[in-house]
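Model the full assembly from the supplied sequences, consistent with the hints where possible.
Those sequence lines, one after another, are chains A and B. With positions in the first sequence counted from 1, the corresponding number in my numbering is that position plus 629. With positions in the second sequence counted from 1, the corresponding number in my numbering is that position plus 5.
Fair warning: there could be bad hints in the mix.
Claimed, not checked - Label pairs and their calculated CB-CB ranges:
#1 LYS724/A / LYS88/B: 36 to 42 Å
#2 ASN846/A / GLU95/B: 42 to 48 Å
#3 GLY22/B / GLY641/A: 28 to 34 Å
#4 GLY785/A / GLU95/B: 26 to 32 Å
#5 ASP680/A / PRO75/B: 22 to 28 Å
#6 LEU721/A / ARG87/B: 22 to 28 Å
#7 THR839/A / GLU34/B: 43 to 49 Å
#8 GLY815/A / VAL99/B: 40 to 46 Å
#9 THR115/B / SER701/A: 42 to 48 Å
#10 LYS762/A / GLU34/B: 29 to 35 Å
#11 PRO44/B / SER764/A: 31 to 37 Å
#12 GLY20/B / GLY785/A: 27 to 33 Å
These are computed hints drawn from the structure, not numbers from a lab. Glycine residues also receive a C-beta, built at the ideal position from the N, C-alpha and C atoms.
What follows is the residue order along each chain.
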Amino acid sequence: MACRGRRPEHGGPPELFYDQNEARKYMRNSRMIDVQTKMTGRALELLDLPDEKPCFLLDIGCGTGLSGDYLSDEGHYWVGIDISLAMLDAALDRKAQGDLLLGDMGQGIPFKPGSFDGCISISAVQWLCNANKKSDIPAKRLYCFFSSLYSVLVRGARAVLQLYPENSEQLELITTQAIRAGFTGGVVVDYPNSAKAKKFYLCLFSGPSTFLPKGLNEIKEEEEAKESTFTNKSQAVPSIISQPCLRHRVPYRIARSGVVRKMKTREWVLEKKERRRRQGKEVRPDTQYTGRKRKPYF
Amino acid sequence: MKLLTHNLLSSHVRGVGPRGFPLRLEATEVRVIPVEFNPDFVARMIPKVEWAALLEAADHLRLAEVPKGPTQGYEQDETFLRKMHHVLLEVEVVEGTLQCPESGRVFPITRGIPNMLLNEEETET
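Here is the structure:
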């Protein structure tokens, strides 16, 4: 993880930076684990995979398998690629459930076309922007990465890449190569006004253009901690339903909570629309008619 | 490395393209690790499987009871899905090699991890 003063990419190549010491941090440092886990959750949310279906995913820069564990917990199967043997060894020790590959993303993703239902990457892609060998040309490596990624994704699949761009030029370099490779999409920025919480997610679509999800925004300082907790489909409407793990459709929720009247209120409808906007779905604007009482025959 | 992964891996050596599939698998150490059976997932992966490559790999690993192809209505055939689950997800190659059929380049597999790092002459960039 990048420390505040110096960017790790300036100190040398990733396979040397991510040595056993660094790997140990990913295993022991609870704050690091927490941040990585939250980013994985948000990336998965932005990936917008079909509900309740186990998917086959690619994890670029999988490292010690922190993000992979999250994918496994959600019922998905995954393959991880990382350039650091030390990190992959740690992943083996942690019994990561995905298949691991030692590889350099800048050399291309060595898979058949249409292999993966989606791709995530946490804190890795910015490493492509720095040339570590004399022969490295970042733009070429980025293009090689993106074009092979485009190929190995199923048509219409998404790639969500969380990264730490050094500056806007770097971000532009990255997005240019992604577009050249055939992707559409854009950058979602969460908490743009907070230096600490600000996160960039490059959301790439390999099919026809889709609505880009809205970045998260903090409302007040004291609410910041709550805001950085991403929402997922099981934490549906916390203000109304106190039970946490309700992944079921509305009728079951009614039966569970026994509170029939609270369903389908205007408040609930507005919350649901906001949730769908965060997922990047197309949602009609909120008007005075939203969630109004309809006539009985409706 | 699972056989499902092997069935999707393709060599990215420069100039090889689609002729880089399938990678020829040789194994000196193989392990069987139980994995929870998820029929939905197995059924979804069946259309992606390249059967000739799978059968060849299973042959090299001397696996028994490998279905020769998808049966009619395989989505509901639990016996078939369980066999495929075992072959694709429970057989792990721990030590071995993968060879690119076009360039002959060998990628070693150590502790279950294939080393796909290319040197400078072999990369597209």
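Status of the given 40 to 46 Å range, CB of VAL99/B versus CB of GLY815/A: 42 Å, holds
Hint check for GLY785/A and GLY20/B - Cβ pair distance inside 27 to 33 Å: 29 Å, holds
Consistency of beta-carbon spacing, PRO75/B to ASP680/A, with hint 22 to 28 Å: 26 Å, holds
GLU95/B and ASN846/A - C-beta distance against the hinted 42 to 48 Å: 46 Å Cβ-Cβ, so the 42 to 48 Å window holds.
LYS762/A paired with GLU34/B, Cβ distance criterion 29 to 35 Å: About 33 Å separates the Cβ atoms of LYS762/A and GLU34/B, which means 29 to 35 Å holds.
Hint check for ARG87/B and LEU721/A - Cβ pair distance inside 22 to 28 Å: 27 Å, holds
Verdict for THR115/B, SER701/A (Cβ pair) under range 42 to 48 Å: 23 Å, violated
Outcome of range test on Cβ distance (LYS724/A, LYS88/B; 36 to 42 Å): This hint is violated: roughly 25 Å between Cβ atoms.
Consistency of beta-carbon spacing, SER764/A to PRO44/B, with hint 31 to 37 Å: 48 Å, violated
Satisfaction of the hinted span 28 to 34 Å by the C-beta atoms belonging to GLY22/B and GLY641/A: 33 Å, holds
43 to 49 Å as the expected CB spacing between GLU34/B and THR839/A, which holds or is violated: The hinted range 43 to 49 Å holds for THR839/A and GLU34/B, with Cβ atoms some 45 Å apart.
Status of the given 26 to 32 Å range, CB of GLU95/B versus CB of GLY785/A: 30 Å, holds
Violated hints, in rising order: 1, 9 and 11; the structure is consistent with all others.
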